[in-house]
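As you go down the protein sequences, you meet chains W and A in turn. Count the first sequence with our numbering and you get residues 1 to 260, in order. Count the second sequence with our numbering and you get residues 1 to 761, in order.
The reader is advised that the hints may include incorrect statements.
Calculated cross-link-like contacts (lysine to aspartate or glutamate; reagent style DMTMM-like; alpha-carbon spacing at most 25 Å) [stated by the list, open to error]:
{"no.": "1", "chain 1": "A", "residue 1": "K111", "chain 2": "A", "residue 2": "D157"}
{"no.": "2", "chain 1": "A", "residue 1": "K470", "chain 2": "W", "residue 2": "E168"}
{"no.": "3", "chain 1": "A", "residue 1": "K510", "chain 2": "A", "residue 2": "E450"}
{"no.": "4", "chain 1": "A", "residue 1": "K470", "chain 2": "W", "residue 2": "D47"}
{"no.": "5", "chain 1": "A", "residue 1": "K372", "chain 2": "W", "residue 2": "D108"}
{"no.": "6", "chain 1": "A", "residue 1": "K111", "chain 2": "A", "residue 2": "E322"}
{"no.": "7", "chain 1": "W", "residue 1": "K248", "chain 2": "W", "residue 2": "E90"}
{"no.": "8", "chain 1": "A", "residue 1": "K372", "chain 2": "W", "residue 2": "E168"}
{"no.": "9", "chain 1": "W", "residue 1": "K214", "chain 2": "W", "residue 2": "E168"}
{"no.": "10", "chain 1": "A", "residue 1": "K372", "chain 2": "W", "residue 2": "E241"}
{"no.": "11", "chain 1": "W", "residue 1": "K214", "chain 2": "A", "residue 2": "E450"}
{"no.": "12", "chain 1": "W", "residue 1": "K214", "chain 2": "A", "residue 2": "D562"}
{"no.": "13", "chain 1": "A", "residue 1": "K470", "chain 2": "A", "residue 2": "D459"}
{"no.": "14", "chain 1": "W", "residue 1": "K214", "chain 2": "A", "residue 2": "D157"}
{"no.": "15", "chain 1": "W", "residue 1": "K214", "chain 2": "A", "residue 2": "E566"}
Estimated spans, in silico, between C-beta atoms of each pair [said to hold, decoys possible]:
{"no.": "16", "chain 1": "W", "residue 1": "E168", "chain 2": "A", "residue 2": "D383", "range": "32 to 40 Å"}
{"no.": "17", "chain 1": "A", "residue 1": "P559", "chain 2": "W", "residue 2": "Q235", "range": "41 to 49 Å"}
{"no.": "18", "chain 1": "W", "residue 1": "E188", "chain 2": "A", "residue 2": "E251", "range": "31 to 39 Å"}
{"no.": "19", "chain 1": "A", "residue 1": "L629", "chain 2": "W", "residue 2": "E168", "range": "51 to 59 Å"}
{"no.": "20", "chain 1": "W", "residue 1": "D191", "chain 2": "A", "residue 2": "D383", "range": "31 to 39 Å"}
{"no.": "21", "chain 1": "A", "residue 1": "T358", "chain 2": "W", "residue 2": "E168", "range": "47 to 55 Å"}
{"no.": "22", "chain 1": "A", "residue 1": "D459", "chain 2": "W", "residue 2": "S236", "range": "44 to 52 Å"}
{"no.": "23", "chain 1": "A", "residue 1": "E251", "chain 2": "W", "residue 2": "A44", "range": "43 to 51 Å"}
{"no.": "24", "chain 1": "A", "residue 1": "S381", "chain 2": "W", "residue 2": "A44", "range": "35 to 43 Å"}
{"no.": "25", "chain 1": "A", "residue 1": "S626", "chain 2": "W", "residue 2": "E168", "range": "35 to 43 Å"}
It should be emphasised that the hints constitute simulated quantities derived from the structure, not laboratory data. None of the values given here were measured: they were computed from a predicted structure. A virtual CB, placed ideally from N, CA and C, is assigned to each residue, including glycine.
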Amino acid sequence: MTHRSRVMLGLLVVAWMGSGMVLAQFPGGGRRGGGRNSEALPNAAYDGRFTFVRIRYNAVGGRGRGGFGDPMWNHDYPRAEYHFDQILAEVSYAPTYLEGGNVLTLDDPELFNYPIAYLTEPGFWSVNQAEADGLRRWLLQGGFLIVDDFAGEHWYNFEDQLRIVLPEARVVPLDVTHPIFDSFFRIESLDFTHPYYGVQSQFLGVFEDNDPTKRLMMIVNYNNDIAEYWEWSDQSFAPIELTNEAYKLGVNYIIYAMTH
Amino acid sequence: MLVALPSLFEALFKYRPVVFERGRLIFAAARPAFLVVMALALIALAVVFTYRRLGGRATPRMRFALSMLRALVLAIVLVALLRPALLVTTAVPERNVIGILLDDSQSMEIKDDGVTSRAAVLQSLFGDRAAPIPTQLAERFHLRFFRFSRSAQRVSDPSRLAFEGGRSDLATSLDDARRDLAALPLAGLVVVSDGADNADSSITRSLLAMSAAEVPVYTVALGAERLTLDLELARVEAPRAALRGSSILIEALVRQSGSVRDTAELVVEENGQRLAVHRFALPGDGQATTVRLPVALAEEGARHLLVRVPPESGEPVTRNNERSILVSVMDRSERVLYYEGEPRFEFAFLRRAVASDTNLHFVGLQRTADGKYFRVGVEDSLDLVGGFPTSREELFGYRALVLGSVEAAAFTAEQLRAISDFVSRRGGGLLFLGGRRAFSEGAYRDTPLEDAFPITLEDSDDPEFFRVVKVAPTPAGMGHPVTALHSGSAPVAWDSMPPLTSVNSVGRLKAGATSLLQGVDTLGRGSQPVLAYHRFGRGKAVALPVQDVWRWKMNPAQPPEDRRFEGFWRQLLRWMVSEAPDRVTMTVLGDQVDEGESLTLIAEVRDEAFRGLSNASVQALVTTPSGRLDELPMDWEVGSEGQYRVTFPAVEVGQYEIVALVPSNTDTLSSEPAFATVGDVGREYFGAEARPALLRRIASETGGRFYTAETVSELPRDIVYTERGITRTERLDVWDMPIIFLLLAGLLTAEWGLRRSRGLA
């Protein structure tokens, strides 16, 4: 399946979901809407522990898929990080802030206290120049960005915004042999599908100097939404095996960033 | 004035001071003792009777003064009537020998006043047999001339001195001359020198032998005790070996005589090319200061570095403005083990910082969960698979060890002892990083590893201890290669580095520990050491009690290409491995000597657990400057575990390369090459001020006398009074010394004057 055909498939799935056949069962417009605090909770002060950092941005055109006022950056917030923190602390020795996470903008110098950050819904992501400069410097100095929760044509916006940040960057596919899939849990297969759209997930990456032998600066969960599994892991939203796999990916991402 | 004093003394006391020093007082008049007592009693009675007659015409005080004056006069007369004399032994003319040792070393060429050299003064005094002093000496003694520097050699013509000796060894030279003249009636030795001895020989031992043989040594000091205008590189210290690409720390002690200027430059050059330069404030007149300068060494091999302080115009001695040092730069990969007890960013950032350093082989072991490890840099799939090394042989294969946030309970007691021995016995470098499981928080108190910490471990009463500290170098850290941050070639202020955080309530520095970085709490709650180290046995242990050095990399205020963070870690780890020895090492004691001097080689041989091997067959493979290969068997030094030694004469000028070879049943172990340079090392120009104190001591301890160029004219008459050689005893009357008559006249005049002033005369 070509990239173009995957995008087309994604568009069909979105159209299907938009038809309302599924939306009725998810308050909030086609997706489970529990995690959508439009305002960020107060940030915790830096104390050296791993703190889940979510990137806040202005959605393209000032509105997102959820309609006017849906900021998009907050999808699954704060339940996803809250649940993920508990799991990370439970399965590993990583000292972890357990009360959720921080929300920061890309031009906030505070971001440099946290070398791992999470960006959701990049299909609606927009960066101004200050944010682009901030993210670029953060990435080049050692930051590791997890990009999640987008599919189909949202790719184009992500690609456009990334080009502003790192004009020279190439997003390349990762296969299961990449160390990030064996940094804590051994991920046997990358045969994932999007929790809503059913499309085949792709794991993509951006390397330092576009050299796959160098540091992975960004992991891109295209056609995937692992935070969705985290958010609803306490409510049997998805089969436990799938939720486990989502957690495994997340833990691996964190441990990878702390070891490589 | 000083010159006139002996003459005045002789005018008053009839003889020279040396006669009174050497002579024994006797009374020549053979009078029974009771007669003397009777005479004294009569004198006293006469005095009392005389002055009682004065009666009420004088006050009691006046009577007492007059009686005392009269009594003194009578006493002096009595003593003179006893005919006091001095018995002295003197050399029999023409029967004795005097050995004259003339300093032939390079330091004699120094012109203390900028005009006349010490050598010229020596030549004018003793360089010509027809000169006044040799002539006067020759009237009574047979003279034997020696020139000396490293040793003493007989010369027939004292004018033919070259002043090219590269070393001044007074002890050996005195021994040589004494032995050479042992069969002759030696009345004494004369040493003419600046006293600038720079040998390792024991002068005390030589003087004891000289005293036992009762040979008096007369010393003549030439030169000034303080050079009027001089900058001297008194000492330069640098590591003998370094990894390629490392910065080494050169420590130079610069001394100034005369206030030449306020600042100077310390320059490090190689083959005329400037490697580093540092301007520093000069100390005051007669003072010294230590200057530290990091120098990066990129090329492998034996590096001859010239360290110098450019001379001021008009400096009489410029050779002491520079010293050369020899650093062996090795291109090899040193294994460093970093054990991190929990997933955290320090591991990733440190790993990245040294990833491109081909001379550091980073082995990472991160405990990600209970019994689960992430390994990186291992050479074998089974390496560290079970976690931290359990055998000393495995652990001692590394040169440096970094302990991250890992609690003491993660190790067995034997592992903790092995880590301690890794530093103290193996000589490795150990770094303690801060973290929630480190230091006191990791319960290292009362463990076998507690002594290795350079700072004290104290229980914190605050379980949520957290400090944000702004880090700055201490004075010791200013010039240290680890903390002298460089970005490109320009030093960058520490001010722009982000603050770090600490969760370890650390104590104070232990005795002997050095702090290189200090952190000041941003909320004003005091300061704490951030980077401190101490020697622990053969190795060094370093503490870095902060949890996030990586914040120096994640700095929004600096460009991504800033390399200060990488430089810090690379220099720190390189510094830690720099002195960690191999199992076989070779050291040259004094790796720069003059031609003909000896080179002493020391080899140390250890087994895999770094216990000394004292039954090995060790050979030194010496490659001489001409390319000849010599194999020298080395002898075990009794009492020094695993240490072997050999000494051989360095007869070729140039660079020697020496390797220790230890054949075993399986293969032959060899050391890294050590290097030595043979040639003119200019030793004579360092510490070249005249040292009359040493010459004074030699004269004093052997029964001789000390002279300067101004007083040496007294020598020929003094040296006559010796007890060594063929002598005779002379009686010299002293009752007729002019001082006695002057005293009598003075006392009588005083009495008469007193009486007259009171109307009694």
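Hint-by-hint comparison with the structure:
{"no.": "1", "hint": "A:K111 to A:D157", "in the structure": "24 Å, holds"}
{"no.": "2", "hint": "A:K470 to W:E168", "in the structure": "36 Å, violated"}
{"no.": "3", "hint": "A:K510 to A:E450", "in the structure": "11 Å, holds"}
{"no.": "4", "hint": "A:K470 to W:D47", "in the structure": "15 Å, holds"}
{"no.": "5", "hint": "A:K372 to W:D108", "in the structure": "36 Å, violated"}
{"no.": "6", "hint": "A:K111 to A:E322", "in the structure": "19 Å, holds"}
{"no.": "7", "hint": "W:K248 to W:E90", "in the structure": "12 Å, holds"}
{"no.": "8", "hint": "A:K372 to W:E168", "in the structure": "38 Å, violated"}
{"no.": "9", "hint": "W:K214 to W:E168", "in the structure": "15 Å, holds"}
{"no.": "10", "hint": "A:K372 to W:E241", "in the structure": "22 Å, holds"}
{"no.": "11", "hint": "W:K214 to A:E450", "in the structure": "39 Å, violated"}
{"no.": "12", "hint": "W:K214 to A:D562", "in the structure": "18 Å, holds"}
{"no.": "13", "hint": "A:K470 to A:D459", "in the structure": "23 Å, holds"}
{"no.": "14", "hint": "W:K214 to A:D157", "in the structure": "78 Å, violated"}
{"no.": "15", "hint": "W:K214 to A:E566", "in the structure": "16 Å, holds"}
{"no.": "16", "hint": "W:E168 to A:D383: 32 to 40 Å", "in the structure": "38 Å, holds"}
{"no.": "17", "hint": "A:P559 to W:Q235: 41 to 49 Å", "in the structure": "47 Å, holds"}
{"no.": "18", "hint": "W:E188 to A:E251: 31 to 39 Å", "in the structure": "58 Å, violated"}
{"no.": "19", "hint": "A:L629 to W:E168: 51 to 59 Å", "in the structure": "56 Å, holds"}
{"no.": "20", "hint": "W:D191 to A:D383: 31 to 39 Å", "in the structure": "33 Å, holds"}
{"no.": "21", "hint": "A:T358 to W:E168: 47 to 55 Å", "in the structure": "27 Å, violated"}
{"no.": "22", "hint": "A:D459 to W:S236: 44 to 52 Å", "in the structure": "47 Å, holds"}
{"no.": "23", "hint": "A:E251 to W:A44: 43 to 51 Å", "in the structure": "47 Å, holds"}
{"no.": "24", "hint": "A:S381 to W:A44: 35 to 43 Å", "in the structure": "41 Å, holds"}
{"no.": "25", "hint": "A:S626 to W:E168: 35 to 43 Å", "in the structure": "58 Å, violated"}
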